[in-house]
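Work out the full structure, taking the sequences as your base and the hints as a guide.
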Amino acid sequence: MQDCEKNCQDILCAARTEITLRGLKFTMDSLAHRLGISKKTLYQFVSSKQELVEKVVDFALETISKNETRIFQDPNLSRNGQSLSLIELYRTTLKPFDNETMLEMMQHYPRQWGKFEKFRLEKWQSNIRIMHLSLVKGEVNKRNMELIISWMLVELLLSEWLSSDESLMADILKELMELLQDSSTVTGRCEVNNS
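Using our numbering, read the sequence shown as starting at 2 and increasing by one per residue.
What the hints contain is simulated information worked out from the structure, not anything from laboratory work. All residues carry an ideal CB built from backbone N, CA and C; glycine is no exception. Don't take each hint at face value.
[To be verified] Taking lysine to any residue and the SDA-like style, the derived pairs with C-alpha atoms no more than 25 Å apart in a straight line are: (1) LYS119 to LYS138; (2) LYS119 to ARG71; (3) LYS67 to GLU89; (4) LYS41 to ILE65; (5) LYS96 to GLU69; (6) LYS119 to GLN108; (7) LYS50 to THR18; (8) LYS116 to THR28; (9) LYS96 to ASP59; (10) LYS41 to LYS67; (11) LYS56 to ASP11; (12) LYS96 to SER31; (13) LYS26 to GLU52; (14) LYS50 to HIS34; (15) LYS50 to GLU105; (16) LYS96 to LEU78; (17) LYS138 to SER49; (18) LYS26 to CYS14; (19) LYS26 to SER39; (20) LYS116 to LYS138; (21) LYS41 to GLU89; (22) LYS138 to LYS56; (23) LYS119 to THR42; (24) LYS56 to THR18; (25) LYS50 to SER86; (26) LYS67 to SER31; (27) LYS56 to CYS14; (28) LYS96 to LYS41; (29) LYS116 to SER86; (30) LYS56 to GLN45.
[To be verified] What follows is a set of in silico ranges between Cβ atoms, one per label pair, in the way DEER data are often shown: (31) THR42 to PHE73: 47 to 53 Å; (32) GLU101 to ASN8: 25 to 31 Å; (33) GLN51 to LEU134: 20 to 26 Å; (34) GLN108 to MET29: 27 to 33 Å; (35) TYR44 to GLU123: 21 to 27 Å; (36) LYS67 to TYR44: 26 to 32 Å.
The following block contains the structure:
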């Protein structure tokens with residue numbers, strides 16, 4: 002049982018590497034070669050490339066959910082620290098899924114893409130709420146707030162063309178712009194009060 006779990010983890014890790022290097026155009030042959038096993042052995046763990054892509058997506062989403070809980074429960078992290086930790090978590094976990102790969106997924110793996118897209122949009126809204134709360138409570142400094150908002154805005158604009166839910170994307174973009182405006186107002190007020 003333990004060997005099976007290790008083999009499955011190794012396969013997922015190698016599949017993530019293949020996706021990072023080749024997008025979803027990777028082959029099961031190249032994956033088997035990377036693992037140093039035969040394709041026949043690989044198919045003992047997954048029945049198809051479709052199933053493998055689904056497992057890689059599920060693993061990424063589960064990793065994010067599990068680590069978000071850890072980040073939110075860490076008493077040593079301020080809200081600012083939580084936001085920065087979340088951004089780093091998303092950046093590293095989602096590294097294989099750049100815009101080109103997401104477009105491939107949308108075209109060739111629509112069920113997996115739909116799962117990914119729903120999760121991603123929910124996280125955008127959740128993170129914007131965290132940023133609003135941090136801003137209102139004065140728990141984030143101006144420079145970090147501007148960096149975080151800029152990063153979120155760029156990521157959102159780059160990925161907007163991939164979304165199938167234009168109204169939700171418009172709402173998220175509107176909330177992010179309001180957050181940017183609130184940031185200028187609140188941090189400007191803090192600077193005036195400090196002088």
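Requested in this report: Could you grab the alpha-carbon distance between LYS116 and SER86 and see if it respects the 25 Å cut-off?
Outcome: holds (23 Å)
Query raised in the report: Is 27 to 33 Å a correct range for the gap between the Cβ atoms of GLN108 and MET29?
Result: Taking Cβ atoms as reference, GLN108 and MET29 lie about 19 Å apart, which means the hint is violated.
Query raised in the report: Is LYS50 close enough to GLU105, meaning Cα to Cα at most 25 Å?
Result: holds (14 Å)
Query raised in the report: Straight-line Cα separation of LYS26 and CYS14 no greater than 25 Å?
Result: Given pair LYS26, CYS14 holds - Cα atoms ~17 Å apart, limit 25 Å.
**Report entry** Hint consistency between LYS96 and SER31 [alpha-carbon to alpha-carbon, up to 25 Å]
**Finding:** The given pair, whose Cα atoms are some 20 Å apart, holds under the 25 Å limit.
Query raised in the report: Between LYS67 and SER31, does the CA-CA distance stay at or below 25 Å?
Result: This hinted pair is violated, its Cα atoms lying about 30 Å apart.
Query - Holds or violated: LYS96 to LEU78, with C-alpha atoms at most 25 Å apart - result: Measuring from Cα to Cα gives roughly 24 Å; hence the hint holds.
Query raised in the report: Regarding the pair LYS56 and GLN45, is the alpha-carbon distance no greater than 25 Å?
Result: holds (15 Å)
Requested in this report: Could you see if the CB distance from GLU101 to ASN8 stays within 25 to 31 Å?
Outcome: Since GLU101 and ASN8 have Cβ atoms about 29 Å apart, the given range 25 to 31 Å holds.
**Report entry** Satisfaction of hint between GLU89 and LYS67, Cα-Cα up to 25 Å
**Finding:** Satisfied, since the Cα-Cα distance of roughly 14 Å is no more than 25 Å.
Query raised in the report: Straight-line Cα separation of LYS138 and SER49 no greater than 25 Å?
Result: violated (50 Å)
Query raised in the report: Between LYS50 and HIS34, is the straight-line Cα distance small enough, at 25 Å or below?
Result: holds (15 Å)
Hint compliance for this structure: hints 1, 4, 10, 17, 20, 21, 22, 23, 25, 26, 28, 31, 33, 34, 35 are not met, and every other hint is.
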